[in-house]
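Peer 1: So you can see what is in the structure, the chains are spelled out below.
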Amino acid sequence: MPGPGAPSGDAPARRPLGAARPDYVGKVVKWVLFACASVSVAATAAIVASLVPATVRFLSQIPIGEFVTGTLWAPGFANPSFGVWPIVVGSLMVVVMSLSVALPVGLLSAIYLSEYAPARVRKIIKPTLEVLEGIPTVAIGLFAFLFLRPLAETLLPFLPWQGPFSVGVASLAVGLLIVPLIASVSDDAMRAVPRSMREAAYALGSSKLKVTLRIVLPAAISGIVAAIVLGASRAVGETMVVLLAAGAGNPQLSFDPTKGVQTITAYIAGTATGDISTGTLTYDTIFAVGAMLFLATFTLNMIAVRFVRRYREVYE
Amino acid sequence: MTFRALLYLGLSFALVGLASIVVWALIAGGARLDWNLLTGVPSTIDPNQAGYRPALLGTLYVIGGVIVLILPLGVGAAVYMEEYADSTKWWNRLIDVNIQNLAGVPSIVFGILGLAFIVRGPLGLGFVAAAGSLTLALLVLPTIILSAREAIRAVPSSVRDASLALGATQWQTIRHQVLPAARPGILTGLILSVARAVGEAAPLLLVGATVFVTFDPRLFSGGYSTLPVMIFQYASRPQADFRLLAAAGVIVMLALVLAMNAVAVWLRNRYEEQLSQ
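Chains as they are written, first to last, in numbering that gives the first Met the number 0: chain A, 0 to 315; chain B, 0 to 276.
Looking at chain A on its own, in the form it has when it is part of the complex:
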């Protein structure tokens, strides 16, 4: 292949010496690749485009005041009611309870992996956690429903257990599900703290515990916040575990962890699986609460991205 400006056989030299050869293939390729990258933007646009019309249709029939302040959620009933609080509270309970499991466990695991574990142990445990991170949520939900829930009743017989569902047990399972996420994001953040900071503290006579708690943790705080926010986002959006173990039946405004609740995701999955026809009000509620869910997780993810960027910028 002749290089830039090389004489091209018998053809009259039209391009001056030193001028670059026009790279048409390169231009086409660039546009094709740009199109590939744009697919993700198109996907987001399609999500918004599928949520907005039905949500608007829903809100034109149900006053927004009833939707955001009502405390009775019964869309499919003969006398329907559209107060969204019960399923919002259900989702929030799952977030709070699952984070109260996953946060200490994930953070302690991350501290061990990044500060205490010998290289050889780390080399085994980190991939193991990553492999376990891939456990499908149906499996975790089934484990919670068929094993953890009866176990909880055996271990804590004095609690008022009723029925096969429990939001507490479901949250424990969701917590287990987000531990690897919290552990790996926090571990990354703590490992991004430069060694010199630790060594400076050691040189001043600090113990390992002090270095970890007073130097590494505060320095990695933005990454840890990102891990918490990502965990919360994951817990809000989790479907199969809450559908199986917390129940999708009875949306009640309850704070009792032994009872079943309905979450936003469980409502969507439960309703869409049943027989609903397009254009009905029930069909539109899926999109209205879906839009709420999308906005909530979108906001959380934006916050998390910002925090991750912050720790990356500080040390690089």
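Source of the hints: derived by calculation from the structure; they are not laboratory data.
Fair warning: there could be bad hints in the mix.
[Said to hold, decoys possible] Below, a list of computed lysine to any residue pairs in the SDA-like style, where the Cα atoms sit at most 25 Å apart:
1) A:Lys-29 to B:Val-96
2) A:Lys-29 to B:Val-67
3) A:Lys-125 to A:Lys-29
4) A:Lys-122 to B:Asn-35
5) A:Lys-26 to B:Leu-257
6) A:Lys-29 to B:Ala-18
7) A:Lys-122 to B:Trp-170
For this one, chain A is given, so just place chain B on it according to the hints.
Peer 2: Positioned in the frame of chain A, the structure of chain B alone reads:
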């Protein structure tokens, strides 16, 4: 010393908790581990003979579609973002932020997208396996883009400089030098994405994978089901035999998904070692 004990406690809770899911599945479903589990058709009457054949085939169809869609799209997007995109331009930053955000969108929202956009609406495919493929492909697209970007970024710039210095164009450099060097990393991302898609049930509940299919599925017509959806269906029945069947299905699914994840993680660790040498 007490702090160290606390650390061990946290880590062992995580490892034991997650490992006990695998152990539980083996104990709870072990009694139904037979060939019929893989080759039998679903039944609402006889759980002792019922199996996952149509669901397994459905999974293969859906996943085949996912691979065909995400491999070119994901790698193409990753190459664009790493090799061509000028990150000072707003549209490239938009794509970048958008991919990160899309990675965190709940899977059920992709189900809504699939229902409104792919099953009905503009594409109007109906409740067929191809709709499931398309929905899951969009769901795991960010995963493969992000890992392919890591792999491409890890290729040393000296490789590019050497190729460009010999007169190759940018695209020739990417095709003949960068992509082959990044291949193990891209493969890792592909396996991880596919493993995620194999285990995903929530979005498929909305795009039609809930039918009790007793025949072998096809891509563009008729009902379909996949392994995790079928497990969910069996688990929702009150009889104990169906729960046994569901737990046995979990063993099959875990074997499939965890093996894929293990290969991906092993591949990545090996590849990282090679690059750092």
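Peer 1: Are the hints correct? Go through all of them and say.
Peer 2: Now for the hints, and whether the structure bears them out:
Distance restraint check for A:Lys-29 and B:Val-96: the Cα-Cα separation of roughly 20 Å lies within the 25 Å cut-off, and the hinted pair is therefore satisfied. Simply put, A:Lys-29 and B:Val-67 have alpha-carbon atoms about 21 Å apart, close enough for the 25 Å limit, and the pair holds. Distance hint between A:Lys-125 and A:Lys-29 is unfulfilled; the C-alpha atoms sit about 38 Å from each other, more than 25 Å. Taking the CA atoms of A:Lys-122 and B:Asn-35, the gap is about 39 Å. The hint is violated against a cut of 25 Å.
Proximity of A:Lys-26 to B:Leu-257 is assessed by CA-CA distance (about 42 Å); at most 25 Å being required, the pair is judged violated. Simply put, A:Lys-29 and B:Ala-18 have alpha-carbon atoms about 46 Å apart, too far for the 25 Å limit, and the pair is violated. Proposed proximity of A:Lys-122 and B:Trp-170 is contradicted: the alpha carbons are some 37 Å apart, above 25 Å.
Hint compliance for this structure: hints 3, 4, 5, 6 and 7 are not met, and every other hint is.
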